[in-house]
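K.L.:
The listed protein sequences derive, respectively, from chains A and B.
Positions 1 to 171 (our numbering) are the ones given, in order, by the first sequence.
Positions 1 to 140 (our numbering) are the ones given, in order, by the second sequence.
For the record, the hints were derived by calculation from the structure and aren't laboratory data.
There could be a bad hint or two in this list.
Stretches of chain A that chain B covers, calculated by requiring three or more beta carbons in the stretch to come under 8 Å of a beta carbon on chain B [what the hints assert, rightly or not]: (1) 15 to 29; (2) 78 to 89; (3) 128 to 135.
On a predicted model such as this, the values are computed, not experimentally measured, just so you know.
Virtual Cβ for every residue (Gly too), placed ideally from N, Cα, C.
Take a look at the letters that make up each chain.
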Amino acid sequence: MKHALSLFVGLFVLWLLLSGHWSDPLLLGLGVVSAALTVFVAWRMEGLDHEGVPVAVALRALAYWPWLLWQIVLSNLAVARCVIDPDRIAPRMAWVPASQRTDLGKVMFANSITLTPGTISVQVDGGRILVHALEPGSIHDLHGGEMDRRTDWVEGSLERLSDAVHGSGKA
Amino acid sequence: MSLVLDVVSWACIVIGGLFCLLSGIGLVRFPDVFTRMHAASLGDTLGAGLIIVGLLLQAGLGADLVGIKLVMILVFLLFTSPVATHALAQAALLDGQRPWTRDGRPTEGKLDLRDAADDDFLLDDRAPGRSAFPDQEAER
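Next up, chain A with everything else stripped away, as it sits in the complex (with noise of 0.2 Å):
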């Protein structure tokens, strides 16, 4: 039910952000039964869970974004550098420990390995993940785990949010 209601307020907003309509009472209401249907699509698929609609990890992750966008400027001044001398390039292609428990931590885990530019997660399979990497560095740099940590920061209010929920449930 929380799942349902974050995933319309949402998408509503999301709707009035694009159609800039506010007043007009029919469009406001053609907004709300569409993101209504959305949310009923969204049910029937059983989409609405914790990896649907994250809204457990959505605080924590808004806080990790700026660390992640500095280092994705950081990689893309080194991979500029790679462009303009290409010699220094020695790509190598590495497993890496991923320590997240859940499968939300491990895809934004991966997803911040690709999205740094430099380093690709090509395959995640248990808790490793394997990384292509432009720079031997770059693999170095994830084996220190300061992402890792990062990332499981963010997911720690996901398991926070379930031992809750489990601890009610024994209660």
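Given chain A, work out where chain B should sit, using these hints.
P.N.:
Leaving out everything else, chain B in the frame of chain A:
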């Protein structure tokens, strides 16, 4: 004030364009499909990002919410492009592409085929008798 805004926004757009250009040059200069994908992601992230930030400074919020639409373009781009890149890289590996390395030796990490074997639809598309990892086949 508007002059400062103009200068900053044009600086963003020009530098973003520069990154897109570098991305194109990298596509030509790099040796194989994987390294070329790294070059392509240059234009996807900082190239597109800086151009959109520059346009955002020009448009402001705008009468018809242009600014919000620009931000949405950036957000959707940042969410979808890694998925496409990942799918492309894995498809290239499954199709038997070997990553180029400087010393010509195979990479230390390899695709785990046990996992791929679960995805029958991926294996069906491969030509018969052709394996991405003949050395693994030989071991069996």
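K.L.:
Has the region 128 to 135 of chain A got at least three residues whose CB is nearer than 8 Å to a CB belonging to chain B?
P.N.:
Our answer is that it holds, as 4 residues pass the Cβ test (under 8 Å) against chain B, meeting three.
K.L.:
Please count how many residues of the region 78 to 89 of chain A have a CB within 8 Å of a CB from chain B and say whether that reaches 3.
P.N.:
holds (count 7)
K.L.:
Test coverage of the region 15 to 29 of chain A by chain B using CB-CB distances below 8 Å; three residues minimum.
P.N.:
holds (count 3)
Violated hints: none; the structure is consistent with every hint.
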